[in-house]
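Counting in the numbering used here, the sequence shown tops out at residue 342, every number present.
Source of the hints: derived by calculation from the structure; they are not laboratory data. Being a predicted model, the structure only gives us computed values, none of them experimental. Check the hints yourself; a few may be wrong.
DSS-like, lysine-lysine: derived pairs with alpha carbons at most 30 Å apart [unchecked claim]:
1. 334 with 277
2. 284 with 269
3. 251 with 323
4. 251 with 284
5. 24 with 85
6. 24 with 306
7. 75 with 133
8. 47 with 140
9. 269 with 323
10. 75 with 85
11. 85 with 284
12. 251 with 277
13. 306 with 323
14. 85 with 133
15. 334 with 323
16. 306 with 334
17. 75 with 47
18. 24 with 75
19. 140 with 284
20. 85 with 140
21. 284 with 306
22. 24 with 47
23. 140 with 75
24. 269 with 306
25. 251 with 133
Label pairs and their calculated CB-CB ranges [to be verified]:
26. 109 with 52: 25 to 33 Å
27. 57 with 22: 24 to 32 Å
28. 277 with 237: 50 to 58 Å
29. 213 with 233: 19 to 27 Å
No residue lacks a Cβ here, since even glycine has one placed at the ideal position from N, Cα and C.
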Amino acid sequence: MTRPRTLIIAEAGVNHNGNIDLAKQLIEVAAEAGADYVKFQTFNASKLVSASAPTASYQQKATGDSITSQQTLLKRLQLSIADHKVLIDYCRDCNISFLSTAFDHASIDLLASLGQQLFKIPSGEITNLPYLKYVARQHKPMILSTGMSTLGEVEQALNVLLEVYPERESITILHCNTEYPTPFTDVNLNAMQTMAQAFLVNVGYSDHTLGIEVPVAAVALGAFCIEKHFTLNRSLPGPDQHASLEPHELKAMIQAIRNVEMALGSSIKQPSPSELKNRTVARKSIHLSRPVPAAYVLTRDDLIMKRPGDGISPFAIEDVIGKSTNASFPEDHKLSWQDLIP
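Construct the entire structure; sequences and hints are all you get.
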């Protein structure tokens with residue numbers, strides 16, 4: 001059976017830097033690259049973090065600023081209700097689906113009111129019981145990111161979602177590592193397969209490594225959804241730019257994923273249509289190793305296996321040995337059953 005097409009989410013995140021024109025350019029890039037969704041983030045900075053909460057170490061490294069609070073940083077990056085409407089309309093114009101991750105109840109309500117049909121749960125909310133229940137009450141398909149989580153925590157969160165919205169086929173779990181960029185030694189793609197086997201749900205991978213190799217490998221290992229950050233230019237200011245793909249890299253990743261999907265095939269072992277013509281050329285059939293007269297009883301030494309393979313198969317050699325020829329034949333003659341006396 002052919003697997004479903006991988007859902008590809010191009011994560012613009014906060015790489016718009018609070019600039020709506022930059023956000024529109026990101027939408028254009030994601031659409032041109034062939035992504036299914038372009039994803040942003042919806043939050044109220046004051047409700048998301050306390051005034052004194054520090055930024056993450058990767059954010060401090062990326063911005064060169066260890067003094068600015070996380071709340072101050074996020075206030076510069078949050079999108080207004082009007083911004084959301086503009087971006088949704090622009091996605092429609094660019095023929096790509098809009099998606100945003102909500103980080104609080106009010107943001108969930110906003111996205112629901114704007115018609116969002118799929119909800120992405122970020123890794124940081126996986127232990128937030130009120131949030132999990134609230135998003136599940138939307139009764140929409142959900143994608144659960146699992147960065148920083150143990151298998152037990154993932155199970156606990158999944159059980160909460162299923163208790164409220166018991167539609168297992170509507171939930172996708174993404175393996176994830178939240179370090180930006182993620183060292184290859186910390187990716188642990190095999191954990192994605194562990195979760196697939198443990199929870200019997202579709203799985204995917206949210207990637208923060210540099211490059212495109214890991215998400216492509218994830219598809220080969222069974223990912224049904226890939227999420228990857230992208231930017232217009234990694235040299236732009238911002239906390240996530242340095243760990244994001246540039247436009248040509250995003251396009252290359254999506255093309256590679258589509259190629260791998262085609263290459264994975266149906267799991268049925270059989271000759272492909274393109275190679276059937278090569279069977280006769282590459283396989284061998286039974287030929288004569290020397291001239292033989294008529295009514296000659298063939299021995300093993302009289303036979304040699306040579307291309308082409310459109311004669312008697314070498315698998316039938318035991319049936320040929322001991323048979324008599326119905327005419328004389330030269331060396332290198334390709335035997336057929338009509339050459340032998342039954």
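So which of those numbered hints doesn't the model satisfy?
-> 3, 4, 6, 9, 11, 12, 19, 25
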